[in-house]
Amino acid sequence: MIQEITTIRQDTAAEKTRRATTDLSRFSAGDYVAGPKWKVLIWYFINYYIMNSAFPWPYGLKSRLLRLFGAKVGRGLVIKAKVRIKNPWRLSIGDHCWIGEEVWIDNLEDVTIGDHVCISQGALLLTGNHDYTLPDFPYRLGKITLEDGVWIGARSVVCPGVTCGSHAILTVNSTATKHLEAWRIYGGNPAAFVRERVMKI
Amino acid sequence: MIQEITTIRQDTAAEKTRRATTDLSRFSAGDYVAGPKWKVLIWYFINYYIMNSAFPWPYGLKSRLLRLFGAKVGRGLVIKAKVRIKNPWRLSIGDHCWIGEEVWIDNLEDVTIGDHVCISQGALLLTGNHDYTLPDFPYRLGKITLEDGVWIGARSVVCPGVTCGSHAILTVNSTATKHLEAWRIYGGNPAAFVRERVMKI
Amino acid sequence: MIQEITTIRQDTAAEKTRRATTDLSRFSAGDYVAGPKWKVLIWYFINYYIMNSAFPWPYGLKSRLLRLFGAKVGRGLVIKAKVRIKNPWRLSIGDHCWIGEEVWIDNLEDVTIGDHVCISQGALLLTGNHDYTLPDFPYRLGKITLEDGVWIGARSVVCPGVTCGSHAILTVNSTATKHLEAWRIYGGNPAAFVRERVMKI
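Heads up: the protein sequence lines correspond to chains A, B and C, in order.
Note that the working numbering has the first sequence beginning at 1113, numbered continuously upward.
Note that the working numbering has the second sequence beginning at 1113, numbered continuously upward.
Note that the working numbering has the third sequence beginning at 1113, numbered continuously upward.
Hints are all accurate, no fakes.
No copy is singled out in the list; a pair is fine if it fits within one copy or between any two copies.
With a cut-off of at most 16 angstroms between alpha-carbon atoms, the simulated EDC-like pairs for lysine to aspartate or glutamate come out as follows:
#	residue 1	residue 2
1	K1312	D1135
2	K1312	D1243
3	K1184	D1222
4	K1194	E1213
5	K1312	D1248
6	K1290	E1259
No wet-lab data here; the hints were simulated from the structure.
Next up, chain A with everything else stripped away, as it sits in the complex (with noise of 0.2 angstroms):
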């Protein structure tokens, strides 16, 4: 009798869980706002016709065009062609770092960097994420911190909420889904711990 009562509880949690299902048609972005919309709207353009084209831009010219949507950038940015950045009024890049080719800055939230930071071709800073536990599909986005001396490693991705603790490194084609503790080496999806960084001097 017990048993069957148990079954028949099992099941109605479960119809009950699976009655809602999701509904892309009710997605807002609710009272998140990227920026203002000529900001937005300016900077799609420079992003996909000068960032992210395949044209050798000085260096010098694509920090520019980044500090005057807003970004903080520090000295000797080495920026490379083919990069994707959503919203330079929500990053923070330190001094002396550098961005690989294709790298896909996808800042809907913060993004912040420090000094001598290494993010390598290919790599994928996502702080965009979805709550899948509700029918409407809402934002779940999270800030991405990577501290001095981190290198992403090529083809690389970034999780939302992820921070990189000082010279930590993931490896290449990894996926960070949690904190990386500073100092150490981690690689695979998700990435795991792999060794510590020891430097030679």
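Once you have looked at the hints, place chains B and C on chain A.
Only chains B and C this time, still in chain A's reference frame:
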């Protein structure tokens, strides 16, 4: 003695399997035809110079172009910039779906997408494979089906022949090599079961 | 007492290793030269505006351009649109190879490709690395060799210094960090042995 004979047999078998090597010059698509030549040619340019361009063409225009070339496209399709779709006449999309930036639907074979499906930025739907056990490397294609409410994470890959059951989720940068069961979350390469997807309401 | 002394020693060592931090402003390519400046400059534009363009330039034209800039290219090369090749004078390709759409051969160092090799769409051959144990982050480059009959799967990455033995296969979205043995299939990140590649005939 038996030992010796066995060894000889294995060597012979190994010798035989090793004799056949890949010869890509002998590849032919067999009786596979993507579509009428004029359609393939015209779509090539629409695909790369409109669908895949960075310019923010209206979603409605892109939906109409897809329908004009034989795709079934439901209401309310959100389809961002830089998307690639190989053969629209092999594509069916339900209502209120989202196709993120730089999604690549490489549909040599049919791709069928239900309602309220989200394919996030950079994801790849891969219908083409090769039989690597034959020297002429023939096509081994497989249809892909994404049922209602499925979410394919950013930079993920769905392999040929895979069906993602209703409301299944493939996490960021993962690779679905086998069917994903409904209401389950999968991640990694190859993608493995992570947890159930339970709705809050 | 001994415990205490040991602790002090460890702290001092830790202190010392932590003292050296990454300083990208001190990076120099050392004695590394990609090639003659005029060659690098002209190839830059051919690479991005012809090889990497969406336009379906004939395979023969692209093969001739590669040869003109020093690549060894065998007969029957199939080379799709949107391919990137860093330094053609550091590239050798055998007969009847396929280079898929959006393949990126980032060959700061030599890349040697045998006969009948298939590099599928979106794959990345990565020859550049950095010594992260030194503050000035010097180059640590490594040649890549793909022997006859190798198949590099879609969206996969081959890391610096890796040799893929004859007829080895790297599966979709995987990352080869070490040598792949001949006639074996590898997958995951880092790529691990999956099974033998056995030919049907």
